[in-house]
Amino acid sequence: MGNITFKLALIFYFAATIISLVEIFRESKGLSKLILILAACGFVFHTTNLIVKYFEAGYLPITGMHQASSFFAWCIILIFFFLEFRYKIGIIGAFILPIVFALMLSSSTFPREILPLSPVLQSYWFNIHILLAFAGNAAFAIASGVGVMYLLQEYYLKSKRLGGLFQRLPNLQVLDEINYRLITFGFPFLTLAIITGALWAENAWGSYWRWDPKEVWSLITWLIYALVLHLRVAKGWRGKKAAVLSIIGFLSVLFTFFGVNLLLKSLHAFS
Amino acid sequence: MSILVLGLNHKTANVNIREKLAFNGDKLNEGIFALKGLPEIDEAAILSTCNRVEIYTLAKDSTNSAEAIKDFLSKYHSINRDELEKPLYFFSGSDAVRHVFRVASSLDSMIIGEPQILGQLKDAFDFALNKKTTGVILNKLMKNAISTAKRVRTETRIAENAVSISFAAVELARKIFKELSGKSFMLLGAGEMAELAARHLVSNGVKDVKVANRTFERGCELAQDFNGRAVRFEDLLTELVSTDIVICSTGASDYVLKKEHMQKIMKERRHKPVFLIDISVPRNIDPDINNIDNVYLYNIDDIQEVVDTNILERKKEAEKAAKIVDEEVEKFTKWMASLDSVPTIVALREKAEEIKNEELEKFKNKFPDIDADKMKAVEYVATSIINKLIHPPMVALKENSEDRNELIAMIKKLYGINGDENAE
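So the sequence lines, in the order shown, correspond to chains A and B.
Under our numbering, residue 271 is the last one in the first sequence; the count climbs by one each step, no gaps.
Under our numbering, residue 424 is the last one in the second sequence; the count climbs by one each step, no gaps.
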């Protein structure tokens, strides 16, 4: 059951991604609807998959890279649906769905078995810490997708290349606004994730902060987003610079997520 | 029985001839009755706009009728027949239908896709309808022309992109700002094109309008026009801090707005985006300003290029539109063919037979034991009833009366006979 639902979700996300990329060049209302339907189907299977795993394990099954990537993708698509509902910018799918699909694909390459939760992780802090971290990072993921859209649109307007994609992309102000909102949404989550993590670490290992690579990289990520928000509020930074920073921020998120686990030794390693 | 279109437009006739043939005010009123009065003509409508004059008629015979209409035009507008002949085009049958659909869909317009023509065509036919010079066929033609135009509009992107400087300015502003309503706008200088663009921005919701002019009095006049306020030219730089959109068209010989000015302004307005449109030649805004973050500077050539690409884009879309028009023409010609009385007579008879047979079948099922003689008698009664019932409409259909088209349409409606089926 677990494997089938995961595969179905992967297939639906794949289809939605491909069509959303095609739709950039061949605008059609039918296609945009189809994209949402496919993504929604994928989401339903994906959710089922997570629920099944939760009951199999008896705890949030985010102990390996497979589950972590999958859950990350799930959070992103959840926020994507919310955005789509709120702003109805069809083309946004072409910038978000590939991220979701890539995460799911990478998830599928990792071993799938749910590892027993080591005693040190068995605490409700674990659930809260993880949920906060993923919610925050998912918002940052989408902010970076929107940031890419902003940079493209800004480039088109500046260089006066007003072709097909220019027509399809929404206006700069709305893109900047979404980018800003997502970061203000994600930032408190990341902050709380770090705080709960520290509290829990104190509980489990006896110290709040151990300079573990994951902790360090989370802090770097946090600092980048803190800088984005600070510059926006204090200096009126917006638009291109804010978009670039939000993309750098997400690269840092990705490194925290994959790089640390795969390249560096960490207490946080999912497996 | 055929639909005829006779007319001329901006492509075939210069304004000299177009104005001679125009049906303005009373001329239209009298003209349409005179036209309908011609013995060759059954239905008539006249379209007269500044770019085209077209006569739509339903006539018995196309060649003779065309000559009659030309004679009428020449006499009515007192214009030489030879002079008239040259710019005139003439379509009949499905070509005429196609032409009307193309005009309605704005494929034949000077600026392809501009929506005005559909309204003008509607008015022309409404006028004719009120004067009762059109009947079933031309009314249906108009109805289908409207739905064709709507299909073209929704299924192609023919009317999507701006094809004038002022529309292009609004379109670009919409790609920078979420909405124009809260935005502040400055007209810097004056000039016809700048004022037109300004008017478009205002009609698209821009609220706070400032006018800066070297002569303050002239600025005041313009400001009144736009419901805005005049600002002094010396205060330009301070005023720009709170301005989101600028249209600049001064007669200055060098830059009114330099890069260092703009950098300072951007800092003061906390880098909120600015859209600058410089339509003056020589340019009044330093082109290098476009390199400042969050400033979007377009000069007259940039905007002209937008317009040119959009016109090209529309031409591409017009090819798609032509296919839609063809489909609709086919539908309409089928409907026309179905109006012919013969298939209607056949269909009416079939319908009656069908009803009779159904009822007899039911009767047989109810009384399975009935003997053959009695059954024959029942059949006889049924046959004579339906024959009597359909006799008057049959006779009416066979007669070649004035209002035959109305009659056919009416009979089809009353008896629930589908037009398309009979056309085949």
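None of these hints come from the bench; they were simulated from the model.
None of these values were measured; they are calculated from a predicted model.
Just so it is clear, CB atoms sit at the ideal spot from N, CA and C, and this is done for glycine as well.
Treat the hints with caution; some may be incorrect.
[As the list claims (entries may be wrong)] Pair by pair, the computed Cβ-Cβ distance ranges are:
| hint | chain 1 | residue 1 | chain 2 | residue 2 | range |
| --- | --- | --- | --- | --- | --- |
| 1 | B | Thr309 | A | Tyr124 | 57 to 63 Å |
| 2 | B | Lys150 | A | Leu152 | 45 to 51 Å |
| 3 | B | Ile355 | A | Leu34 | 44 to 50 Å |
| 4 | A | His230 | B | Thr309 | 38 to 44 Å |
| 5 | B | Ser203 | A | Ser28 | 27 to 33 Å |
| 6 | A | Ile18 | B | Gln224 | 55 to 61 Å |
| 7 | A | Ile18 | B | Thr154 | 22 to 28 Å |
| 8 | A | Leu165 | B | Glu221 | 42 to 48 Å |
| 9 | B | Ser94 | A | Arg181 | 53 to 59 Å |
| 10 | A | Ser28 | B | Lys362 | 33 to 39 Å |
| 11 | A | Ile18 | B | Gly182 | 37 to 43 Å |
Tested hints:
no.: 1; hint: B:Thr309 to A:Tyr124: 57 to 63 Å; verdict: holds (60 Å)
no.: 2; hint: B:Lys150 to A:Leu152: 45 to 51 Å; verdict: violated (33 Å)
no.: 3; hint: B:Ile355 to A:Leu34: 44 to 50 Å; verdict: holds (46 Å)
no.: 4; hint: A:His230 to B:Thr309: 38 to 44 Å; verdict: holds (41 Å)
no.: 5; hint: B:Ser203 to A:Ser28: 27 to 33 Å; verdict: holds (31 Å)
no.: 6; hint: A:Ile18 to B:Gln224: 55 to 61 Å; verdict: holds (57 Å)
no.: 7; hint: A:Ile18 to B:Thr154: 22 to 28 Å; verdict: holds (27 Å)
no.: 8; hint: A:Leu165 to B:Glu221: 42 to 48 Å; verdict: holds (43 Å)
no.: 9; hint: B:Ser94 to A:Arg181: 53 to 59 Å; verdict: holds (56 Å)
no.: 10; hint: A:Ser28 to B:Lys362: 33 to 39 Å; verdict: violated (51 Å)
no.: 11; hint: A:Ile18 to B:Gly182: 37 to 43 Å; verdict: holds (39 Å)
Hint compliance for this structure: hints 2, 10 are broken, all remaining hints hold.
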